[in-house]
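Q: For this one, chain A is given, so just place chain B on it according to the hints.
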Amino acid sequence: MKNHGKNNQKVVELREKKPLNRRDFIKLSAGLSLTPIAKKLSHKRYKSYLLEGSPPNIIILIFDTLSAYHLSLYGYPRKTCPNIQRFAENAAVFHNHHAAANFTTPSTATLLTGTYPWEHRSYTITSSIRPEVVPNNIFRLLHSRYYTAAYAQNIYADKLLFQFEDFIDYHQPTDSFNIIGNMIYNHLPSEEVDLVFRSHDNLIFTRVHPRGSLFTSILYDLANLFRYQLAYRDLDHTYPIGVPAIKSNYIYYTIDGVMDGVISMLGNLQAPFLSYIHLMPPHDPYRPNVYFYKRFNDDWEPNPKGMHPLGDKPQADYPGKRRTYDEYIANLDHQIGKLLDFLKETGLAENSYIFLTSDHGELFERGHHGHSTPLLFEPLLRIPLVISAPDQKERRDIYTLTSSVDLLPTLLHISGLPIPTSLEGKVLPFEEELRDQGRAIWALEAKENSTFGKLQKASLSMFKGSHKLVYYHGYENYKNQYELYNIKEDPQELENLYGKNPQSSEFQKELDQKFSEINHPV
Amino acid sequence: MTAEKLRTKLPDRKELLPVFSTILFFVFTWALYIIIYYLPSWLGELTAGDILVTAAYLLSFTLFESLFVLGVIVLLCIVLPTRIFKRDFIPQSFTLITLASLAAYFLHPRLNDMLSLDLTNLTILMIATLAGILVLIIMQSFVYKHLPGLKLSINTLADRMTIFAYFYLPLGLLSLFIVTLKILC
Numbered sequence: 001m002k003n004h005g006k007n008n009q010k011v012v013e014l015r016e017k018k019p020l021n022r023r024d025f026i027k028l029s030a031g032l033s034l035t036p037i038a039k040k041l042s043h044k045r046y047k048s049y050l051l052e053g054s055p056p057n058i059i060i061l062i063f064d065t066l067s068a069y070h071l072s073l074y075g076y077p078r079k080t081c082p083n084i085q086r087f088a089e090n091a092a093v094f095h096n097h098h099a100a101a102n103f104t105t106p107s108t109a110t111l112l113t114g115t116y117p118w119e120h121r122s123y124t125i126t127s128s129i130r131p132e133v134v135p136n137n138i139f140r141l142l143h144s145r146y147y148t149a150a151y152a153q154n155i156y157a158d159k160l161l162f163q164f165e166d167f168i169d170y171h172q173p174t175d176s177f178n179i180i181g182n183m184i185y186n187h188l189p190s191e192e193v194d195l196v197f198r199s200h201d202n203l204i205f206t207r208v209h210p211r212g213s214l215f216t217s218i219l220y221d222l223a224n225l226f227r228y229q230l231a232y233r234d235l236d237h238t239y240p241i242g243v244p245a246i247k248s249n250y251i252y253y254t255i256d257g258v259m260d261g262v263i264s265m266l267g268n269l270q271a272p273f274l275s276y277i278h279l280m281p282p283h284d285p286y287r288p289n290v291y292f293y294k295r296f297n298d299d300w301e302p303n304p305k306g307m308h309p310l311g312d313k314p315q316a317d318y319p320g321k322r323r324t325y326d327e328y329i330a331n332l333d334h335q336i337g338k339l340l341d342f343l344k345e346t347g348l349a350e351n352s353y354i355f356l357t358s359d360h361g362e363l364f365e366r367g368h369h370g371h372s373t374p375l376l377f378e379p380l381l382r383i384p385l386v387i388s389a390p391d392q393k394e395r396r397d398i399y400t401l402t403s404s405v406d407l408l409p410t411l412l413h414i415s416g417l418p419i420p421t422s423l424e425g426k427v428l429p430f431e432e433e434l435r436d437q438g439r440a441i442w443a444l445e446a447k448e449n450s451t452f453g454k455l456q457k458a459s460l461s462m463f464k465g466s467h468k469l470v471y472y473h474g475y476e477n478y479k480n481q482y483e484l485y486n487i488k489e490d491p492q493e494l495e496n497l498y499g500k501n502p503q504s505s506e507f508q509k510e511l512d513q514k515f516s517e518i519n520h521p522v
Numbered sequence: 523m524t525a526e527k528l529r530t531k532l533p534d535r536k537e538l539l540p541v542f543s544t545i546l547f548f549v550f551t552w553a554l555y556i557i558i559y560y561l562p563s564w565l566g567e568l569t570a571g572d573i574l575v576t577a578a579y580l581l582s583f584t585l586f587e588s589l590f591v592l593g594v595i596v597l598l599c600i601v602l603p604t605r606i607f608k609r610d611f612i613p614q615s616f617t618l619i620t621l622a623s624l625a626a627y628f629l630h631p632r633l634n635d636m637l638s639l640d641l642t643n644l645t646i647l648m649i650a651t652l653a654g655i656l657v658l659i660i661m662q663s664f665v666y667k668h669l670p671g672l673k674l675s676i677n678t679l680a681d682r683m684t685i686f687a688y689f690y691l692p693l694g695l696l697s698l699f700i701v702t703l704k705i706l707c
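Line order of the protein sequences matches chains A and B. Per the numbering used here, the first sequence starts with residue 1, numbered consecutively. Per the numbering used here, the second sequence starts with residue 523, numbered consecutively.
By construction, these hints were calculated from the structure, which means they are not laboratory data. Do not rely on the hints blindly, as some may be mistaken.
List time: in silico EDC-like cross-link candidates among lysine to aspartate or glutamate, alpha-carbon distance up to 16 Å [claimed, not checked]:
id: 1; chain 1: A; residue 1: K247; chain 2: B; residue 2: D635
id: 2; chain 1: A; residue 1: K464; chain 2: A; residue 2: E510
id: 3; chain 1: B; residue 1: K704; chain 2: A; residue 2: E192
id: 4; chain 1: B; residue 1: K704; chain 2: A; residue 2: E191
id: 5; chain 1: A; residue 1: K321; chain 2: A; residue 2: D298
id: 6; chain 1: A; residue 1: K79; chain 2: A; residue 2: E301
id: 7; chain 1: A; residue 1: K509; chain 2: A; residue 2: E483
id: 8; chain 1: B; residue 1: K536; chain 2: B; residue 2: D681
id: 9; chain 1: A; residue 1: K454; chain 2: B; residue 2: E567
id: 10; chain 1: B; residue 1: K608; chain 2: B; residue 2: E537
id: 11; chain 1: A; residue 1: K454; chain 2: A; residue 2: D512
id: 12; chain 1: A; residue 1: K464; chain 2: A; residue 2: D512
Covered by chain A, per the in silico footprint, the following chain B stretches (three or more residues, Cβ under 8 Å) [as the list claims (entries may be wrong)]:
id: 13; segment: 555-567
id: 14; segment: 581-591
id: 15; segment: 622-635
id: 16; segment: 638-647
id: 17; segment: 657-671
Even glycine gets a Cβ: it sits at the ideal position worked out from N, Cα and C.
So that you can see chain A by itself, here it is in the shape it has in the complex (with noise of 0.2 Å):
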């Protein structure tokens, strides 16, 4: 495997030691109680940190596209996650978590600073963190802790990661368990990443047209037609509507074959390690494989909502990909079954926290498939956490709001760091007296906005209690409205409160004033 950290040492000694508490002495003799299954593996990090008394792991896990309105977990019809859920019975299960954005770039880079959209200011896809906030980051902050590592098999995650390319310790390539498909990118110095990904990957080497290359783009094209039909040959038994992809860069891949990468990755890393894990299933196209597709034949459908005025697609087959991706949704469970297996035999689950969560939702309504687009409905932004600590021997249900932006302070927290001031969110109230009630909550997409300049088009989202108050600004045929839901007593959003509710215009100052504060040029 390629180590792309700058730091290629592997990390032996801990970076600091701190004397055993109270704590860790019951950590360390439970440990000690494991040492017949430690035997049994070639796990000598494992041992390794049972015997030193070394911080727990961090594992991280993203699953792209993971809307929680989709699972079981969380009171959905379709049993669509039930290896999640048997984790979650030794976990906390946070159940009005929501993302800072509706897609992967700005809700990533949120995840990784620890700030909001307005402040990493990464809001097109393409958009890299702003250098000012670059240095507070997930890797750089823990680095003093953890031997570091990162997997994203996004491209456009991924290519955020290379801003920290100096407090990576293991830096996984992108392309590693693809079938089909390699980036040129994540094979260059991290100083040209974001160039070349520009310039080659995202203008040449894509199938997004205008392509870059008159006549390249198509050689291109054509050769990766020709090796997916050839790849496909042998697939297609498994996988009858299709390999799982990356459309936009002819990218293929395998969800068992990815896990099986992702498995082998963290079985080598020296502990004690944090690793970034950030997979695309199960982001569009939903191809389940044999076993899952078709295994929801029912007839089910949410409360059926009307077009909003900021809808794109209305003639869009939405039972039909809602239910396809529900099957999705269920064919990754069981791998990520596969995993939880993985690392309750190897005892990586009872030396980690494992965090499982998503950067973002996905809608099947009111106009729009997908998340490309201005809307910030729950099933947009409410996305799982579930957060499993080495001592934990029984579920903890949450229902405080919390933000993804809260869980890079909430890292430093466990690691027993301090938490820098310009993080913009806080500890996860995984302890009653830490629950705070008051506090707003934020989302924001502004993807039609210069990095540089004021926003001219965006959709703001507070949530502060049980409501969520969004402000639509700018857009031509829904210009400067706002829409205020009750999210507890009206989770699927069916009545507007706005002017309805004598907190409106409670709500709609606090907004107001947040916007007026984040909309400055930089």
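A: Just chain B, lined up with the frame of chain A:
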């Protein structure tokens, strides 16, 4: 094929410039169109320096692409009988490049439609395209033999294209220089 025989099959150096200029015209004009197309979105995300380097990366690739296309043309000249291709090197190449460029321009927005083709149909399409190119070359050879006036007109037109080499070639080389400087610094 011996070196001597290979040398006789290669086109004259004087004939390469008009042909290369024609390639440069189509390939670089497309690249500049792409830069202008994406410039508004780049302005929203990148500094002026980054835009310049991104464009330089693209134009450097375009220069190599031009050389690759020229290489294909020269390969055709070597492989095909002299009386079919090399004898009318400039008009054959000029027509071939022009038609290929127009076909590529037409094909670009329709490339995604090819996804529905299975392996057999894709193979048939490729073979048919190559056969079509060969037939076109043979037909052109026949036409130029019997219409010397047309051949002269195309030669003149190709000769006029050399002006684009004086603009696009330095642009490509400058881009290559910028990219090299960026990497080394």
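Q: Run every hint past the structure and note whether it holds.
A: Verification of the supplied hints:
For the proposed pair A:K247 and B:D635, the alpha carbon gap of about 13 Å is at most 16 Å, so the pair holds. Note on A:K464 and A:E510: the hinted pairing holds, with a Cα-Cα distance of about 10 Å set against a maximum of 16 Å. The suggested pairing of B:K704 with A:E192 holds, with an alpha-carbon distance near 9 Å, which does not exceed 16 Å. With a C-alpha separation of about 9 Å, the suggested pairing of B:K704 with A:E191 holds against the 16 Å cut-off.
A C-alpha spacing of about 13 Å is found between A:K321 and A:D298, which places the hinted pair at or below 16 Å, so the restraint holds. With a CA separation close to 14 Å, the supplied pair A:K79 and A:E301 stays within the 16 Å bound. At roughly 14 Å between alpha-carbon atoms, A:K509 and A:E483 fall within 16 Å of each other, so this suggested pair holds. For the given pair, B:K536 sits about 10 Å from B:D681 by alpha-carbon distance, which is consistent with the 16 Å threshold.
The hinted pair formed by A:K454 and B:E567 meets the criterion: a straight-line CA distance of about 13 Å does not exceed 16 Å. A hinted pair counts as satisfied when its Cα atoms are at most 16 Å apart, and B:K608 with B:E537 qualifies at roughly 10 Å. For a cut-off of 16 Å, the pair hint linking A:K454 to A:D512 stands: about 15 Å separates their Cα positions. At most 16 Å may separate the alpha-carbon atoms for a hinted pair to count; A:K464 and A:D512 meet this at roughly 14 Å.
Counting residues of the segment 555-567 of chain B whose CB falls under 8 Å from any CB of chain A gives 9; the rule of at least 3 is met. Here the segment 581-591 of chain B counts 5 residues with a CB under 8 Å from a CB of chain A, which clears the bar of 3, and the coverage holds. Residues of the segment 622-635 of chain B with a Cβ under 8 Å from some Cβ of chain A number 9, which satisfies the need for three, so the listed coverage holds. For the segment 638-647 of chain B, the proposed coverage by chain A is satisfied: 4 residues have a C-beta within less than 8 Å of a C-beta in that chain, meeting the threshold of three.
Proximity of the segment 657-671 of chain B to chain A, defined as three or more residues with a beta carbon under 8 Å from a beta carbon of that chain, is not established by the 0 residues found.
Checked against the numbered hints above, the structure violates only hint 17.
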